[in-house]
Amino acid sequence: MIATFLVGALIAAQVMIGLAMICATYRIIKGPRAQDRVIGLDTLYASAMLLMLVNGMRTGTVFYFEAAFVIALLGFVATVALAKFLLRGEVIE
Amino acid sequence: MTHFETLPVWAAIPVALLVLFGATLTLIGAIGLWRLPSFYDRLHAPTLGTSWGTAGIVLASILMFSVAGGRAVVHESVIAIFIMVTTPVTLMLLGRAALHRDRVEGNVPFQFTREDEIEAKAQQQLAQAEARANIIRAQEASLAAEEARVSADRPEEASEEAAVTAPPPDTAETVEVAPEAQAPLTLPETISPETVALDTAPASGPVPKDLFPKPPNPPEALGPHRTDAAQLQIAPKDDDDAALTQKKPDEDLPEY
Numbered sequence: 001m002i003a004t005f006l007v008g009a010l011i012a013a014q015v016m017i018g019l020a021m022i023c024a025t026y027r028i029i030k031g032p033r034a035q036d037r038v039i040g041l042d043t044l045y046a047s048a049m050l051l052m053l054v055n056g057m058r059t060g061t062v063f064y065f066e067a068a069f070v071i072a073l074l075g076f077v078a079t080v081a082l083a084k085f086l087l088r089g090e091v092i093e
Numbered sequence: 001m002t003h004f005e006t007l008p009v010w011a012a013i014p015v016a017l018l019v020l021f022g023a024t025l026t027l028i029g030a031i032g033l034w035r036l037p038s039f040y041d042r043l044h045a046p047t048l049g050t051s052w053g054t055a056g057i058v059l060a061s062i063l064m065f066s067v068a069g070g071r072a073v074v075h076e077s078v079i080a081i082f083i084m085v086t087t088p089v090t091l092m093l094l095g096r097a098a099l100h101r102d103r104v105e106g107n108v109p110f111q112f113t114r115e116d117e118i119e120a121k122a123q124q125q126l127a128q129a130e131a132r133a134n135i136i137r138a139q140e141a142s143l144a145a146e147e148a149r150v151s152a153d154r155p156e157e158a159s160e161e162a163a164v165t166a167p168p169p170d171t172a173e174t175v176e177v178a179p180e181a182q183a184p185l186t187l188p189e190t191i192s193p194e195t196v197a198l199d200t201a202p203a204s205g206p207v208p209k210d211l212f213p214k215p216p217n218p219p220e221a222l223g224p225h226r227t228d229a230a231q232l233q234i235a236p237k238d239d240d241d242a243a244l245t246q247k248k249p250d251e252d253l254p255e256y
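Same order as they appear, the protein sequences are chains X and E.
Residue numbering for the first sequence follows this note's numbering, beginning at 1 and increasing consecutively.
Residue numbering for the second sequence follows this note's numbering, beginning at 1 and increasing consecutively.
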């Protein structure tokens with residue numbers, strides 16, 4: 001009983017995070033300027049990281065945690081690099 | 001599904017609520033990213049997902065794995081700390097990049113920038129100073145007209161006086177009197193031009209004709225007005241220049 005409730009909550013959370021990823025993808029595709037696309041990518045990274053965490057909770061394994069951590073790291077590095085590129089035209093000066 | 005069966009009810013309900021809370025906040029932030037009108041508004045929306053969205057899901061994960069495993073599992077908090085540290089950094093960099101791009105391209109993202117404010121304030125001060133200077137110029141012009149009228153009136157009167165009262169040696173007397181008669185004249189003149197006009201009016205009977213070759217309003221009597229006008233004309237411009245030159249180095253974009 002409580003297991004089905006918990007599984008239902010986790011699946012609902014995954015659906016919500018999937019919808020959030022769709023919104024971020026809309027902003028990436030539609031964004032009028034480059035900075036809109038970059039912030040859409042940042043949101044997409046964060047949402048994917050959360051999706052990995054919830055998926056790990058649903059399956060009960062810790063390996064999704066590794067994936068979430070890698071996604072968070074890559075999202076930070078990617079967003080900082082893109083912001084630097086928008087600011088200066090160079091990533092590494 | 002085995003790890004769900006071992007989870008007690010008192011842990012399952014907070015886990016479900018925290019996960020739903022975090023996912024809902026993430027969705028709200030993404031909807032804000034989709035719907036908000038300008039980039040500077042959209043910059044704020046996803047922080048819902050990266051602050052309490054991440055925190056809720058990470059807390060739920062910690063609680064679930066800790067209760068199910070029978071030991072403290074806190075390695076998810078690494079993700080939470082990392083996200084909470086890096087999100088402000090990335091968003092501030094992104095906001096600065098967007099502001100830099102907007103400024104370079106000349107689309108001012110806000111209605112009034114600081115430069116516009118300074119410019120408007122300088123224009124306003126200049127207009128006020130012009131208005132005050134115009135008032136003072138008008139006063140001086142009316143004063144000059146009054147002087148001209150009085151000095152035009154005076155010779156007849158003085159000739160009458162000379163005819164009635166004064167034999168020619170009287171002029172020597174009036175030469176001595178003149179500075180004394182002039183001294184009380186200058187005092188009320190400092191108040192306003194009207195008093196000057198009234199005092200130099202023919203009401204002051206025994207005024208000698210010696211006064212007329214001199215200007216009835218010597219420059220030092222007009223001094224306060226003139227210096228006032230000069231200050232008013234010059235001082236606000238000085239302020240403007242000082243303000244503009246002080247603000248000039250500030251207007252440069254900061255070095256990143």
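Read the hints as simulated data drawn from the structure, not as lab findings.
Be careful, since some hints might not be right.
Covered stretches of chain E (in silico footprint by chain X; criterion: 3 or more residues with CB under 8 Å from a CB of chain X, positions within the stretch not fixed) [what the hints assert, rightly or not]:
#1 25-38
#2 56-69
#3 74-84
#4 91-101
#5 125-132
#6 140-149
So the derived list for chain X, only partly shown, Cβ under 10 Å to chain E, looks like this [said to hold, decoys possible]:
#7 A9
#8 A12
#9 L19
#10 C23
#11 K30
#12 G31
#13 R33
#14 Q35
#15 S47
#16 L50
#17 F63
#18 L87
#19 I92
The beta carbon of each residue, even a glycine, is placed where N, CA and C say it ideally should be.
Could you tell me which of the numbered hints above are not met by this structure, giving the numbers in increasing order?
Of the numbered hints, 5, 6, 17, 19 do not hold.
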